[in-house]
Each structure stands twice: as structure tokens, then as C-alpha cells.
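Protein chains in written order, with UniProt numbering: chain L, 1 to 379; chain C, 1 to 379; chain Y, 1 to 379; chain U, 1 to 379.
Keep in mind the hints are simulated off the structure, nothing from the lab. If you're wondering where the values come from, they're calculated on a predicted model, not measured in any experiment. Treat the hints with caution; some may be incorrect.
Stated by the list, open to error - Within a straight-line C-alpha distance of at most 27 Å, the following computed DSSO-like cross-link-like pairs (lysine-lysine) qualify:
| no. | chain 1 | residue 1 | chain 2 | residue 2 |
| --- | --- | --- | --- | --- |
| 1 | Y | K97 | Y | K191 |
| 2 | L | K192 | L | K62 |
| 3 | U | K97 | U | K73 |
| 4 | Y | K62 | L | K3 |
| 5 | Y | K51 | L | K336 |
| 6 | L | K369 | C | K192 |
| 7 | U | K3 | C | K62 |
| 8 | C | K51 | C | K62 |
| 9 | C | K120 | C | K159 |
| 10 | U | K153 | U | K277 |
| 11 | U | K51 | C | K76 |
| 12 | Y | K120 | Y | K376 |
| 13 | Y | K369 | U | K369 |
| 14 | C | K376 | L | K369 |
| 15 | Y | K181 | U | K273 |
| 16 | Y | K376 | U | K192 |
| 17 | C | K369 | L | K376 |
| 18 | L | K51 | Y | K4 |
| 19 | C | K51 | U | K342 |
| 20 | C | K4 | U | K181 |
| 21 | Y | K273 | U | K181 |
| 22 | C | K369 | C | K127 |
4 protein chains.
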Amino acid sequence: MSKKIRLGILGGGGDSLIGVLHRVASHINDNYQITGAVFNPDFDANMAFAKEIDVPTNRIYKDFDTFVEEEMKLPKEERIEVCSILTPNFLHFPMAKKLLDNGFHVICEKPMTTSLEEAKILQEAHKKSGAVFALTHTYTGYPMVRQMREMIKSGALGKIHKVDASYYQGWINTIIHDQEKRSSVWRLDPKKAGISSCIGDIGVHAFNLIEYTTGLRIDSILSDFNYLYEDNQMDVDGTVLVRMDNHVKGLIRSSQVATGEENGLSIAIYGEKAAFKWEQENPNFLYKLSDTEPMQVYKPGHAYNSDLSLGGTKLPPGHPEGIFDSMANIYLGAAKAIRGEKYNDGEFPTMLDGVRGMNFIEATVESHKAGNIWVKLES
Amino acid sequence: MSKKIRLGILGGGGDSLIGVLHRVASHINDNYQITGAVFNPDFDANMAFAKEIDVPTNRIYKDFDTFVEEEMKLPKEERIEVCSILTPNFLHFPMAKKLLDNGFHVICEKPMTTSLEEAKILQEAHKKSGAVFALTHTYTGYPMVRQMREMIKSGALGKIHKVDASYYQGWINTIIHDQEKRSSVWRLDPKKAGISSCIGDIGVHAFNLIEYTTGLRIDSILSDFNYLYEDNQMDVDGTVLVRMDNHVKGLIRSSQVATGEENGLSIAIYGEKAAFKWEQENPNFLYKLSDTEPMQVYKPGHAYNSDLSLGGTKLPPGHPEGIFDSMANIYLGAAKAIRGEKYNDGEFPTMLDGVRGMNFIEATVESHKAGNIWVKLES
Amino acid sequence: MSKKIRLGILGGGGDSLIGVLHRVASHINDNYQITGAVFNPDFDANMAFAKEIDVPTNRIYKDFDTFVEEEMKLPKEERIEVCSILTPNFLHFPMAKKLLDNGFHVICEKPMTTSLEEAKILQEAHKKSGAVFALTHTYTGYPMVRQMREMIKSGALGKIHKVDASYYQGWINTIIHDQEKRSSVWRLDPKKAGISSCIGDIGVHAFNLIEYTTGLRIDSILSDFNYLYEDNQMDVDGTVLVRMDNHVKGLIRSSQVATGEENGLSIAIYGEKAAFKWEQENPNFLYKLSDTEPMQVYKPGHAYNSDLSLGGTKLPPGHPEGIFDSMANIYLGAAKAIRGEKYNDGEFPTMLDGVRGMNFIEATVESHKAGNIWVKLES
Amino acid sequence: MSKKIRLGILGGGGDSLIGVLHRVASHINDNYQITGAVFNPDFDANMAFAKEIDVPTNRIYKDFDTFVEEEMKLPKEERIEVCSILTPNFLHFPMAKKLLDNGFHVICEKPMTTSLEEAKILQEAHKKSGAVFALTHTYTGYPMVRQMREMIKSGALGKIHKVDASYYQGWINTIIHDQEKRSSVWRLDPKKAGISSCIGDIGVHAFNLIEYTTGLRIDSILSDFNYLYEDNQMDVDGTVLVRMDNHVKGLIRSSQVATGEENGLSIAIYGEKAAFKWEQENPNFLYKLSDTEPMQVYKPGHAYNSDLSLGGTKLPPGHPEGIFDSMANIYLGAAKAIRGEKYNDGEFPTMLDGVRGMNFIEATVESHKAGNIWVKLES
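For reference, chain L alone in the conformation it holds in the complex (with noise of 0.2 Å):
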């Protein structure tokens, strides 16, 4: 009798960057096992990726309908249990949906829907399925992340007064400065890509990653965003100024033409007794920083450490883990709950965060186009 959960895969086959990370991050802890799909639209397409990656032909299915139709045929013992959400942003929603309405416990992508009312109603979903649901904002699984959660929660920091969140990326800066790329391609297209361009991409993770570290709420927020050209139509750099309680202030950078910046999301944050400071290319180096003492450097594996950062680490200090480690502890945070095994606050992202990034999203192009105001976000 097999203790791998079955877990269905939607979307990411063949070279898609996701499926390979999802995949992996499925396999790290020996928690899951792919036991059916629909890899790709085009069913040929689909089959072969199955057969290539070794996956029972018996549970590829040709659309996600049919992929819900058949599984709820069989028995629950056998059915799959969880499902991870892949597709092109817009079928989130829908797919997330019919998944909770049918009692699949569900990881997936973000954004988690297109917009906040989708998150909303999915919110709602999602409270009468009593199912568990992922959102994966992959960041919040490296160790460190997680240690600075926890030591911030634990009063290392005390009173936090300011937050300062980035995410610059330059690889949009060869379409964007081209006319007939930034015309052309989906990314930069409202009716396919949603409201947001860099906010919804990687602004939200700055977010996340804010919010998921300190345990406070960003309760306005006052945009301004960049186009650059007259001719696009979405926002490709936006700077957000965040206000939090308490006098609490901060700032979320984020662009998409930061030139030769590669996938720099950092997060600094400043208390009265000490600060923090983490970038996700160097994941294994948590910075603490103090008006009166040496900075500290913590790393991954450590006897110092959390639980929460420990159980995200599975060799000892000094072996770099990435990006496929930090998702696969999404995974396994994930596995914990799917099981009703006991799990800390803070292992996986929930549809409380999916629900609030939809709300800052939202904010941030409500902002920018009444003219760079305060806009308040949802308690």
C-alpha cells in the first residue's frame, strides 16, 4: 500500500520552466506520486510527454473536464488526491474552482485568479470544501525565509519600523524597446496577460514575501508605475510605497527592465533592536544586522536555527540548496496537511495570501491610474 500522495498534474508539460520545477519539488521528499494529467491541450502532445516522464497513460486525460469526470468515477482510495495548477494564468480560477467543488485538494500557481473577485468567490470555495489549498510563492520555502519569519515572530527584530521589498528582473528589455515585440507578445497584452504586468508578476511576490515575513498587514499602498513607451499598454517597473500600522512604512520595488538584474527579489527589514536583510540569489545567506553589534550571517542547517527553517533543510550546512529546494518544501508543507498531519503556520502560502495579492494588485493599478493616490486594501 503505497504512502505517496496521487497527485495530477494540469499544464506544464513538455520544456514549460514550471513543470520541470514542480515536478522536481513533487519527487524531493518522496511524498508524491504523478498518477494523472493533462500535461498539454493537444492530447497527442500530451500522451507523449506522459510516456517521456513515465507517467501512466490510463490517467492522461484530453481536457480538465474529462480529468474530473473520470477521476471522480473512481473509487476515493484510488482517486487523485491533490491537484498542482499550471496553466496560462487565466484557467487558475476556473480549474481551482471545480477542484475544490469536487473535494481535490488543490496547489497552485500564481496569480491565484485574474482578479480579487475571482479570489473572493474561490475563498468562499474553498472554506466549504474544507480541502487544502497551496498557493505557490515559491520564495517563502527557502530556509532562511522561513527563519527570518520565525525569529521576527519571536521578537529578534522587536518593533519593526520599516520594510523595503524588490524584485528587478531585466529580460522585458528586449521586448519592450523593440515596437513590434511589445505589440505583439502576451505578456504585454491586458486582454490575455491581466491588469498588471510587473506588479502581477513579481511586484506580488515582494508582497508576499513582506507580509509573509513580518506577520503584519500592508494596509495602503500609493503606486506609480512605468511604461515607457506611449504604445504599451502595461506597466513594465512600478514603485510602490506601502503604509502599515503603527507608522510602519516601506516600499516595494519591482521592475521589468532593471537591466542585467536576473531574478533579484530582496527583502530588507528594519526593527529597534535588529534587522534583516535576504536575496534570493544568494538563498543560504540570512544577513542580521544591528546598530551595536557585528552583523550575523546565519545559514541553512544549523542547530540555531527553527524548526520551521530546520525541517526545510535536508543536508548540512554548507551544501547550497536552490530553488527547487524551496518549492519542494511547499510541497512537503503541503503533503503535511493533505495527510492531516500536523504542520507549522507558515509551511505552505494559503488562500489568505492569494486573496490578499489579488487585492494589491488590484490597488497598485487603482493607484497608478487615479493619479498616484493612498488606496486602502481590504482588512
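Based on the hints, put chains C, Y and U in the right spot on chain L.
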């Protein structure tokens, strides 16, 4: 017949840090001889300090007015040629004005004045005088800052799209979080410290660094200050959104409550072809980023550097130079100007930098007080 | 019909770190299916672990000999194709030999054997077998290590003049400084741990990295070990001077008492035209130094990298990959060889690396014991 | 009545880098007045340079012997008190000896002499003279080097087990690889440059740094030089194994063909409780490693630093000081000694450092020439 320039010092006596910095800087390239001074408003302290550092006591004056009066009686070939103004901020303007009016060259600490209005009056006085006026925005003296400027000027980045400069310190924490201290220290008393603490003291350096390196002018700003406590009257943290010509946007981040940050001035400039990143605490490393090529790390003293950069390096590569050397480079530039020698644009910050800086400071205060609105700078 | 390679695992059960590393590595590129195993000499533990990670229990054998015997009874198309040997060191040789003699492919942890003599016997067995033999010198799987190799091969450094590789750890401090522990732990018992601790366990990785990246062979060595205590019988620190062809010299530094070092493997290679520096704890950064040009920082995933490097990168630049990915790349190379597909030299360490490594270890022991004399390696 | 010490300069005229370094260092703490000099063996050049930097020409002498003769005629209260010897190496000994014999204090560039024999004679002369003798091992002036020394002295590392110091440069590449240049340059001519190039010029700094920071003496060494070419007579690369008391071992690595290295002096000291790492090119960062605690990063100017360290810091944390400041700290220590003020052990390198250094250099040559054997240093 001495070739050294006769230098007078106003302020900077005793243990004054700014005094040490300027004295050392004046010595480094063998260009200046400290010939007279009013180191201290207390005449005994003034004389004692002059003896301690071996400045001839017959040119130590009891106050600034006496200094000017007595020096003017001396024949031109004996008279002090240039004065360094290191006094409290509110004295910069009256001293600089009187010195310029009397034909002295001036090296002035920043902020140049306490208001834009004063700055413009000084600008007029300077035009009439024909004297040299150097503003010690110290950080523009670093060889790698100068290298950025020259490479940007020659097109290394292509069109600039985004700027992000930051100046984070944490030193005011010990004051601001203590109700007694924050209500009594002069730094947080608007009557003594001027209209801004954080932006006026450090944010303006970041502003200057952007304009110095890019050669672009900031058009308009939107700022958000943080006072942290209701009973505190001065900004201890401020974020400023900036707009420049031609859809260029950016931001200036400054804080005095960024716990554990020491003197964290940094700049990132993203252009169409490449980007630069530089940090004051590792001033001998300049990072050039590209979307398609490996990042390059420029260092001082190499033949690949520009003349402006090499002119500020005294030793072969690998011999770290620091902030004294940076200030010394500004003194070196001023010396060339004072002697009527050829010098390059950029060898020292000018009256215009001072006027722009005061404009920026006042605009940020206005923006914040008006509810975070866009305020245009004068062109 | 499955395309996955049938993989057997010997050792690595329970919480074994090396077990996790190999299992994850085998999953990452969807090439292997764990089909059978002797995870543990204790059969109950063996079975329990198989169930825990969902390996079919009918292919779980009570011991290695049974494993071979039973698998050989199976038709070739069902039989396990390759075995990963993760057992204690002294078992590597007999297991690898028997597997090769029976036509299994082998993936073997290092050290390959316990002596050069055994290594040569294995080399002969391998030649006869025609099977694939991959030695898991894990660090050669990092994309930037592979990039070094390829760039050196294509002349980026010119003639090499100096190599300096280092492997510093501090973990043995807690044992070595405690008289009771150092006399009882198997790691410091020559009967159990072989002829060398520090060189055998980690120094040999530095040796391998030099030969892997430069393509040069080390000719002769002079070593100096440190035992720290009179009653300790095994080296816990060793420095090795090395000589290569053509006046190239260098050194290998290794230590297990380098307090606070975690897994500090690094290499510097200095050539006539340029140099490379790389550190295992920041594996995604490769530094190329020049006397006349700015240092360049190479990172994985960019089009400027070689095919060998890019073949080991699954995600776009800026997504850190770690040691699991490095090991996975070795498994990927082995998979190509096992399937008879085309693969590049350097995709996995070979039998020759194993023989060279044993030769190196024995030579360092001989050199130290003979009073730090030069000892030639076999050519 | 001036309080500044009357300083004479021997050598260092014109564009001499060492001249700039010493002049600036002498100015930085307002302790010295350059009162006389023989900057240059050519009298016209000597006088011209004196005028250029404003040294009174009546104390500019045509040669060293005249310098001593004329200064001795002056009353003690006018006479030059201390001389800085910046001449070619072979002149250090005769000048220092004559100066000490005549009661002058001496600040001497390294290497102190050209042989151990000379060094010992000078040591005797020094003892008799009672004068102050400071050897400018510049790198001991860095605040964080001094912090290492003081923390080690107070037990922060516990018993030391391993040292690893390195001095890598690449500048000689352009000479050594060119047959014409390498046979003609004085640097590689034993008649002009002494018995060692690489060890004598830079390796000895690494040696000194080990003894300075640990307070331990190196007992014996085994060295291996590299000449790279048969027709080259001087070492351009050398590795030295070192043994100290009580089973402490270590190594000194030095190279002038380490392509792309600029001035790569570094040190790592591993003790029972903790370790220190420091690099000259980032001199304001000192890393303290532990097996069980997060690494700590010490920086200058903080209250947590020792008096010896803080005495060499003029500005608040975060204001980078460089090599001029480091040399200035040595001049500051010498000034205290010259004035008979209290100073700490370690404020400037001494005659003993010079004797030890020459002993080390000669021993490394002997070891290499005898076939890489162990050579004891004098105790």
C-alpha cells in the same frame, strides 16, 4: 616661493569629524597649506587647537568677521585664498556670501544653505565674484563614481530607463525611540536643524549622486516622510519617487532608522544597454550589468578607466582608498580651479549642485506636507 | 513501455544524507525509476524504508548477493540496469566489481575503493564489462564548474601557470579536541576509515576538481598532514604541494579543523591570459580575472555559456540551483551513457578519476610518512 | 612652539608611490612636519620636488651623508627627529644604521635589510641607540587587523590550530612571460633585487601578518618556489609550509603570477573556539567564524572594538578608510613613541619584525634550494 594654496578653515576644531576629514583631504595632494582659521567660536579653544595642529597662531582670529577684516588688510599674495566652511549649517550661507563678496574662493560643506532662497542669492553672489565655489558632496570624489559618470557620458549604458539610489543609516534609532532625547536633540528640532533631517542630511546625497552620474536632471518628485512618533517634528525616513525626462523614472530611498546600516549610500542606474551598481561601503568596486554578457567589476587604477577616474587614484590597483581620498579628490579639483589650471567638468560639485539640492529638499517637504503629491523642481 | 532506467540502490536508507542526495538526483530529470534496493543490512529496516518511499517491496532484497542473484534471474528487459552504491567505503570495491562482472552499470560514491590496488583491479573489470561506470564527484556537476572546464579547454586562460584548490571544513573539531571521542569514532580509526581522513574524504575532491577543470594531470606531490594530537592516528588537516607538467605548480589545501568553515571547496586557476575563481558555497558565480580587463562574473543559464554548462541548467538565470542539481547533472550524464546516447566528455566522472584519486590519496600518505618528500603519481 | 615632530624624508621623490603613501600618512594625524629631505639622488630633481610640495629648501641636502652631517650641527631642538627611509632596498641598512648611531629615530620601509646578517647588526645598533625604530609593514595598521590581534590575545579563538595567509598578485605576468623583459628588469636580477622576489617582496608581509595577529612565532618552514622559466633567476611564486609550537601548522601562499589578482593579501586563523578571516582589498570587514554560531562581521569604529583598533579609526562606522589610513596609524604609533608617550604594543612593527622577516626570507630560499626541506627559524 610656496606653491601651496593658502587655506583658511572655519569651524572643524577639536574632535570634529568633519574637521579631520577636510584637513586630511587638503594635505593629501600637497596642494594646500592651512594658513589661518576660526576653528572654534571660543577663542581659547580656537588657539589651543591651532597650537595642537601647528597652525601659525597669528592668523587665528576670534571670529569670522575679524577673519575677513584682517585677511583683507593683507596683500593679495599673502592673503588666504580659499576658505573651507565647516560650521553648523545655518552659518554656511552668510559666511559663503561674505567670502565670495570679498573675493575669496570657497569650499563649503553641504547643505549649502538652509533654503532655496538663500541658495539663489548665493548663486548670484558667486556669479558676480568670479571666485571658485566647491560644494563637498564627498561621494562624488570616489574614482568609481567618476568612472560611472564618464562611462555613462560616453554611452556605455545607452538611454537610461530607471534610477534607484538609496542612503540608509540607523544611527538615529538611539535618539528617536527615546521620548526625552527626541524632543531635546538639535538634530530633530526644526528651529536648529532646518526643514528636513533625513532628506536634508543624507537623501540629498543620493539625489546629487543620481544627477552627477547620469548627467540628467530630476524634473519632479513625490515624497513620503516618516516621523515615527506623533511628537517628533522631523523626518527620520523618507522615500521619494522621481521623474526625469523622457519616461525615465526612479526613486530615492533614505532612512536614519534603517537599523544596523552604517553609511549605506548606493546607486543603481539601468540603461538600454547595460547598468551600473555601486555601494559607498565598498567604494572600489563598480558593477556593470548586462542582460547578455557576464557582469563586469571595475576597480580603480586600471588603464581601462577614464581620465577623470584615474586622476583620483594615487596607488596601483588593489590598494584600497577610502573616504579621505574621495574628499581629497574634490580638494584637488578645487585646487586646479583656484590656480586657473585646466580641469574637467565633474572634478568638484558646484554652486549648481547646491541650488539643485536645496530645491530638492524643499520640494520633498512640500510634497509630503501636501499629501504626497508631485512637485516640480525648477529647471 | 517505460523509458525510465531501472535503478537499484545499495545503502542510503533511513535518514542517510547521501541517500536523499542520490534519490533526488535520480528523479530530477525524469530518467530513473527506483526499481529495487538493499537500503539497509537489516531486512526489516530495509523493507520499512522501501514502503516509506514507495519502492515495490518485491524487489527489496535481504543482501547484496541476493540482489545480484535474483536480478540476474530476471529477463534483461526487466532487470535493474544500473546500481547506485552508497554503502560504507570498504564495500564500494567488492560491490562495484561484482556488478560490473555481471553486466550492471554502476554509479558509485567516492572514494571508489580503499586502495589504489583495488582501484586498478576495478579498472580492469570495467574494461572487460563494457558497462557504464560513473563516480559521483558531485561538484563536477555544477554548471559553472563545467563552464570553467569548457572555457579552459577552448583557451580562455591561455597556458596555465598556477592552481590553488582548497577544501576547508570545521566539523571534526567537536570530535578531535575530545580525547574520548577521537579515540572511539570510526572516522579516526584507520581500520574502519582507511588510510586517510582529511585527504581521503575531502582533499581528493579538490584534486579531482583541478584535473577536471584544467584537463591537466598532476605529476607529483609533497604533503604535510596534521594529526593535532599524539594519540590521534588520522590526518585531520593536510596541505599538498603539487607539480604538473611544464613548470606548473600549485597546491591543495584541506582541513577538517578549519573552524567555522562549512563545506568550503574552492578553486583558483591562473593562466597566462586570465584566471578563474569559484567557490562551492556560491556555486552559481564564476569569476574570470584578468590583469588588464574588469573581472567578469559568469552565471548559469546564459546563452554565453557552453553546451556542457547549459545542459546542467534547468531554469532561467537568477534561479539558484544547488547541490541536488549538481548531482542530478551527473545522473543525467550517466543516463545518456546507459542509453547509448551521445554525451560529452565531462558529463560524469569516470573510472579514471577514481583510479587517479586513489593514487593521489596513497601518494599523500606516503609523502607525509616519509618526511614530506616528493612522490610521483602514476601517469 | 610647534608640537609637530620634525620629519626627514630619504627617497620617495617625484611620482614615487611609496613617497605619496608616507607623506600622506605623516600628515593624517597632524603629528609630523616634513622639515628636510633627500628626495632624490639628483640634486636638481631633489630641489624641484621640495619646491613643488613646499618643503623648505634650506634643509634639502645633496646626499644622505650631508644630511646627517648638517643636521647634527643643528641644536637638538631644531634638528630633524625622525627619518623615513624610502630608498631602494640595499640602502635601508646603511642609512638606518647611521641614523640610529647618530640618535635619529627611524621609520623604515621593508625589507629592513638585504640579509639576516645586516638585520642583526642593525638590531644591535638599535639597542645601543635607544631610538625608536618603526618598520612599515603597512597592513598591520588596518583597524580590523589590530582588532584580530587584540581579540586573539584575549582568547576569542581559543588555542590556535591552523593558519593560512596568502599574498597573490598578477602584475609580474607582463614581465615574466617576455624573455627580453625578464632578463633585463631589475626586479628579477638577484644582484639588484636581493635573494628573493616573491617571498621577499610580498610573502614576507603574509609571514608578518601571521605573527602580528596570532602573537605566535613560526618555528620552521618548507618552501617551494616557482621560477616559471629556466632562464629566470628569481622566484615569482612561492608556497611555504609552516610549523609553529604545539602542533600548529599552516601555510603562506604568495605569487606574482596569480593573474588578475591585484593586491590579494588575506589571512585565515582557525582556533579551537572560533576563526578569523580578513582580506586586504576589503579591509573594513573582519569575519569571525564559529562551528555553532552565525558568522559575525566586525567593522571599524564600533564601540565593540578594542582600543588598539579604535585608535586607528577617525570616522564613524561606514566611512571606508584605506591604505593611507593604515600607514597613518603606524606613523601615529611611532609619533607616540618618539614623544615618549604611552603606546600599546602593536601600534607599529618593530626591529624584531624586521629581523624575523629577514630570517624568514633567507630560510625560504635555503629550503627551496636544498630541495624543499624543513628549515628552522632562529628563536
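Right, here's what the structure says about each hint:
| no. | hint | verdict |
| --- | --- | --- |
| 1 | Y:K97 <-> Y:K191 | holds (22 Å) |
| 2 | L:K192 <-> L:K62 | holds (23 Å) |
| 3 | U:K97 <-> U:K73 | holds (19 Å) |
| 4 | Y:K62 <-> L:K3 | holds (22 Å) |
| 5 | Y:K51 <-> L:K336 | holds (17 Å) |
| 6 | L:K369 <-> C:K192 | violated (40 Å) |
| 7 | U:K3 <-> C:K62 | holds (22 Å) |
| 8 | C:K51 <-> C:K62 | holds (15 Å) |
| 9 | C:K120 <-> C:K159 | violated (31 Å) |
| 10 | U:K153 <-> U:K277 | holds (16 Å) |
| 11 | U:K51 <-> C:K76 | holds (21 Å) |
| 12 | Y:K120 <-> Y:K376 | holds (17 Å) |
| 13 | Y:K369 <-> U:K369 | holds (22 Å) |
| 14 | C:K376 <-> L:K369 | holds (20 Å) |
| 15 | Y:K181 <-> U:K273 | holds (17 Å) |
| 16 | Y:K376 <-> U:K192 | violated (36 Å) |
| 17 | C:K369 <-> L:K376 | holds (20 Å) |
| 18 | L:K51 <-> Y:K4 | holds (9 Å) |
| 19 | C:K51 <-> U:K342 | holds (21 Å) |
| 20 | C:K4 <-> U:K181 | violated (40 Å) |
| 21 | Y:K273 <-> U:K181 | holds (17 Å) |
| 22 | C:K369 <-> C:K127 | violated (33 Å) |
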